[in-house]
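Construct the entire structure; sequences and hints are all you get.
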Amino acid sequence: MAGFDNFWAVYSNLVLGLGINALLALSIYLTLSCGMLAMANAAFMGIGAYTAALLTMNYDTPFIVSVAAGMAAPAVVAFVMGKPTLRLSGVYLAMATLAFGEVVRIVVLNTDSITGGALGLNGIPQSTQWWHVLVALLAVLAVLWRLRHSRIGRAFEAIKEDETAAGLMGIDVGAHKMLAFVLGAAIAGLAGTLNAHLTFFIGPNEYGFDRGVDILTMAILGGINGLTGPILGGAILTLLPEVLRGFADFRLMVNGVILVLIVLFLPKGLWDPARIRGWFGTKGGKTA
Amino acid sequence: MSATLELKGISRHFGGLKVLQDVNLQIPQGGIFGLIGPNGAGKTTVFNLITGLLPPTAGVISFNGRDLAGRKPHEITRDGIARTFQNIRLFKEMSLLENVMVGMHAQLRYGNLGLLATSGLFRSEEKRARDRARELLSWMKLDHKADDTADNLSYGDQRKLELARALATEPKLLLLDEPVAGMNANEKTELMREIEQISGRGYTIFMIEHDMRFVMGLCQEIAVLNFGRIIAQGGPEAIRNDPQVIEAYLGREDDEPSSGPDGVTDGAPSAVAAGVVPTSVPVPGAQA
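Protein chains in written order, with this note's numbering: chain L, 4 to 291; chain Y, 8 to 295.
Calculated from the structure, these hints are not laboratory results.
These figures come from a predicted structure and were not determined experimentally.
Keep in mind that the hints are not guaranteed to be accurate.
Covered stretches of chain L, going by a simulated chain Y footprint (3 or more residues, C-beta under 8 angstroms) [said to hold, decoys possible]:
id	region
1	153-165
2	169-181
Sample of chain Y residues lacking proximity to chain L, with all beta carbon distances greater than 10 angstroms (derived) [stated by the list, open to error]:
id	residue
3	A10
4	K99
5	A188
6	F234
7	E244
With a straight-line cut-off of 30 angstroms between C-alpha atoms, the simulated BS3-like cross-links for lysine-lysine are [what the hints assert, rightly or not]:
id	chain 1	residue 1	chain 2	residue 2
8	Y	K15	L	K163
9	Y	K195	Y	K152
10	L	K163	Y	K134
11	L	K163	Y	K25
Even glycine gets a Cβ: it sits at the ideal position worked out from N, Cα and C.
Structural data, given as C-alpha cells:
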C-alpha cells in the first residue's frame, strides 16, 4: 500500500491527465466523426475552465454546479457561434474555428478585472478527485457509445461520407452538425473544468493554438473509427513526454517525428480494427 | 389518375444558361413515368429541383397538392420523395445494412434524448429498423451480403443498394436517375424485373433513363426533354413515332447526308454524336 501511495503521490497528476486528455480527444472525435474539422475545442475547454473556476472562487458554488456551468457555458457559446460557421466546410471551418479560439484567448487576456488577464487565475480549490475524472470519462463514453450505435451515430457517419446523400435520406444535416459541435464543446468544457480544479492555476495561453493542435493530434493519432482510438491517442500523447524525458531538449522534436511517421504510414490512426484483424489473419466481422 | 407530383412552368437558369424553360409535367399516382432526352438536356436538374437541392428560377413544384418551395431536401424526403443518383452516392465505408438503416432515420420513433433514457423503445425500434433493412435488401437480393462494406459491391449491386436505401425512407414517389447506366445486359434485365416489382408494391416511379429498350419496356408514359424544354409526352408507342423526338435524337432529315461511319454528325445533339445512345435510338420498330 505504501508503494501505491508513493506512486500516486508522484504520478497522480499524470494519471488524471490521461483521463482529461481522453475527454479532450473524445470531444474532437465527435465533430470529426460528423465530418467537420472544428479547431475550437481548446477554446471551449478554456471557456469551461474559466467559467467553473470563477464560479467556484467568487461564489463558492458546490463542485457539481461548477461542473455543470463549465459544460453549459461552452455549449451555449458553441451554439451561437455554430449558427453562422457550421455551414462552412473543410479548411474554411477549421480557419473560422481557429480564429474563434484566438478571439477567446484575447478576450481573456484583456478582461483583467474578471479573468486576471495574462496572470491567469490563481488558487483554484483543488476539488477534482480521481474518481470525478473516472466517472466523467465513463459517463461520456457511455453517452457516445449509445449515440454511435443509434440513428444519430449513423447520421453523423452518413454526413461525414456524403452530406448531400445524407440530406436526401431525411437527415437534418444542419441540426446534426450542430448537435456534434455543441456536445463536443460541452465535453471539452468538462475536461477544462476538471483540469482547472486539479492544477490550482489556469492562464489564457493554456487554451491557445498549441493545445488545439494537441487535441487534434490525439484523435488523429489514435484513429477516429471508434471510441478506442481517441482514448489511446490521448494516452500516448500524455505519456510520450514522460517516456521521452531522457531526450530532454529534443523531446518536442522526437514527439513531432513520431507523429509525422504515424500520419504518413498509418493514416487511419493506431486503432484501426480492420488492420489489427489483418495481423491475426481473420477477415470480416464487426467493428466496434 | 390524379397527379401526385406536378411541375408548373418550371425554369432554371445558371447565369445566362437556361437549363430548363417552362417545363410542365404531371406525374400520375401509381405506375412508372419516364423522362428521356439527350445528354445535357437538363434531366438531372429536374430531379435536383424536385428534391430541393436547387431552387427553381421560376415556377411551382407541388407534391400531393403541397407546394415544395423553400423546403429543405430532408423535409422533402420526409414528405415522401426519395431518389437515387446518376453517379452512385452510397455511404461507402458503412455496411449494406447500415446504408439502408440510414434511410430509415426519420422513421425511428425514439427522440434525441429518448435514446439515452428509454432503452426498451430504443431497442425495439433499432430491431424494427434492422428487420426492415434486411427485408428491403432481400427485395434487391442483397440480403446475403448485409454485413459487407458497400464499397466492395459490384457496380450493379451498388445501384441496387442505392435503390434499397431510397426505399428505406418509405417514399410515395421514387425518383431514379439513370438506374441502369453502366450495367451489362443481364444486370439490366434483372433490375428491370426488380423495378417492376417495386412498382407492383404501389410505389410511384419517375425515372430518367438513356436506355430506350429499358424505358420503352417499363414506362407507361414518357416525356422527352431537349434543350431544357419538353418536346413530347405520351405512351411509348407515340414517343417512338414522334417526329420531334426522332429529330432530337437523330437530327433532321434535311441535314446534309453524313460521310462518316457514325451516320450522324452536325446538327444532332451531342448524345448521339458522342455515341452514347447509338444502339438504342427510338427508330420505329427498334424495340426488341
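Original post:
Is the nearest CB of chain L more than 10 angstroms from the CB of Y/A188?
Top reply: 17 angstroms, holds
Subject >> Satisfaction of hint between Y/K152 and Y/K195, Cα-Cα up to 30 angstroms >> reply: Distance of about 20 angstroms is within 30 angstroms: holds.
**OP:** Given that the region 169-181 of chain L was listed as covered by chain Y, double-check it with a C-beta distance under 8 angstroms for 3 or more residues.
**Re:** Since three or more residues must qualify, the claim that chain Y covers the region 169-181 of chain L holds, with 8 doing so at under 8 angstroms.
**OP:** Run the C-beta distances from Y/F234 to all of chain L and say if the shortest one exceeds 10 angstroms.
**Re:** Non-interface label stands for Y/F234: nearest chain L Cβ at 26 angstroms, farther than 10 angstroms.
Subject >> 8 angstroms C-beta criterion, at least three residues: is the region 153-165 of chain L covered by chain Y >> reply: holds (count 9)
Original post:
Holds or violated: is the Cβ of Y/K99 farther than 10 angstroms from all Cβ atoms of chain L?
Top reply: Its Cβ does come within 10 angstroms of chain L, the nearest being 6 angstroms, so this is violated.
Original post:
Has the given pair, L/K163 with Y/K134, been kept, meaning a C-alpha gap of at most 30 angstroms?
Top reply: At roughly 24 angstroms apart (the allowed maximum being 30 angstroms), Y/K134 and L/K163 satisfy the hint.
Original post:
Is the Cα-Cα distance between L/K163 and Y/K25 30 angstroms or less?
Top reply: 33 angstroms, violated
Subject >> Least C-beta distance between Y/A10 and chain L, which was stated to exceed 10 angstroms >> reply: The claim holds: Y/A10 sits with its nearest Cβ about 22 angstroms from chain L, beyond 10 angstroms.
Subject >> Check on Y/E244 being off the interface with chain L, judged by Cβ distance over 10 angstroms >> reply: 34 angstroms, holds
**OP:** Sort out whether L/K163 lies within 30 angstroms of Y/K15, counting only the CA atoms.
**Re:** 35 angstroms, violated
Comparing the model with each earlier hint shows violations of hints 4, 8 and 11; every other hint is respected.
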